[in-house]
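Please model the complete structure; the sequences and the hints are all you need to start from.
Take a look at the letters that make up each chain.
There are 2 protein chains.
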Amino acid sequence: MFQALADRTRRDIVRRVMLEELSVSELADSYEMSFAGVQKHVAVLERAGLVSKRRVGRAQIAHVEMGAIRTVSSLLNELEEVWRARVERIDDLLAADEAEGQ
Amino acid sequence: MFQALADRTRRDIVRRVMLEELSVSELADSYEMSFAGVQKHVAVLERAGLVSKRRVGRAQIAHVEMGAIRTVSSLLNELEEVWRARVERIDDLLAADEAEGQ
DNA sequence: TTGACGTACAACTATATGGTTGTATGATTC
DNA sequence: GAATCATACAACCATATAGTTGTACGTCAA
Numbered sequence: 012m013f014q015a016l017a018d019r020t021r022r023d024i025v026r027r028v029m030l031e032e033l034s035v036s037e038l039a040d041s042y043e044m045s046f047a048g049v050q051k052h053v054a055v056l057e058r059a060g061l062v063s064k065r066r067v068g069r070a071q072i073a074h075v076e077m078g079a080i081r082t083v084s085s086l087l088n089e090l091e092e093v094w095r096a097r098v099e100r101i102d103d104l105l106a107a108d109e110a111e112g113q
Numbered sequence: 012m013f014q015a016l017a018d019r020t021r022r023d024i025v026r027r028v029m030l031e032e033l034s035v036s037e038l039a040d041s042y043e044m045s046f047a048g049v050q051k052h053v054a055v056l057e058r059a060g061l062v063s064k065r066r067v068g069r070a071q072i073a074h075v076e077m078g079a080i081r082t083v084s085s086l087l088n089e090l091e092e093v094w095r096a097r098v099e100r101i102d103d104l105l106a107a108d109e110a111e112g113q
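So the protein lines, in turn, are chains A and B. With the first letter of the first sequence counted as 1, position 33 gets the number 44 in this note's numbering; the numbers rise by one all the way through. With the first letter of the second sequence counted as 1, position 88 gets the number 99 in this note's numbering; the numbers rise by one all the way through.
No lab work stands behind these hints, which were simulated from the structure alone. In this text, all values refer to a predicted model and were calculated from it rather than measured experimentally. Errors might be hidden in some of the hints.
These stretches of chain A come out as covered by chain B in the derived footprint (C-beta under 8 Å, 3 or more residues) [unchecked claim]: (1) 20–34; (2) 75–86; (3) 93–103.
Idealized CB from N, CA, C, for every residue including glycine.
Spelled out as structure tokens, the structure:
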């Protein structure tokens with residue numbers, strides 16, 4: 012998923028699709044590149060589970076899988092927890108040293 | 012920063028360095044690849060602002076720039092806010108439709 | 001000062017990635 | 001059914017990326 016979000020165009024697609032569901036061709040209109048280029052980006056996001064599509068007539072409407080976005084987000088939040096725990100541990104050690112010094 | 016976090020080895024380096032500060036060669040010992048390979052990964056993380064180094068004798072000790080990690084995290088949290096706002100807006104529209112139907 | 005250690009970086013290689021054009025397929029409209 | 005629209009996908013190209021080896025340089029220890 013990090014891999015999928017590493018591309019600027021794909022992050023923008025996620026942002027736009029989160030605001031409103033869009034067909035692949037509607038998305039393609041927003042970018043300079045070819046339709047096939049955009050379609051490939053959507054396919055990458057789909058494989059990563061960040062975006063899904065549903066058929067409506069001949070169009071494929073893309074929508075965000077918010078759960079997946081949350082997963083990435085919470086992975087990073089977990090890192091922050093680990094960090095917080097470490098900082099507290101160091102604080103404790105420093106406090107212990109100080110007490111010992113008395 | 013997404014780009015920097017897109018590589019599995021680099022994510023692992025961030026994780027390890029967050030738990031305890033490590034020199035480049037200490038990090039290199041943890042991976043199958045060459046020292047130079049690991050050094051390059053650390054350089055990428057450094058350029059992305061996710062990791063910093065300080066000299067201690069001949070060693071370069073890497074440590075995490077937690078602020079940068081938080082930035083990535085909060086970017087994703089912002090996405091979630093946008094999402095929440097959109098869902099609420101849709102709820103409002105549905106509620107309005109229902110009221111109108113009465 | 002010599003040698004070993006820890007690091008940085010250049011040069012190179014192989015593969016991944018982002019883009020293109022062209023073709024095929026399914027749904028829609030006439 | 002024919003033409004068209006929306007999409008999918010294969011094949012190809014250029015560049016980026018992850019890895020390698022080799023070399024150079026600062027630091028420490030003897």
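Notebook entry, point to check: Which earlier hints can't be squared with this structure?
Noted result: none
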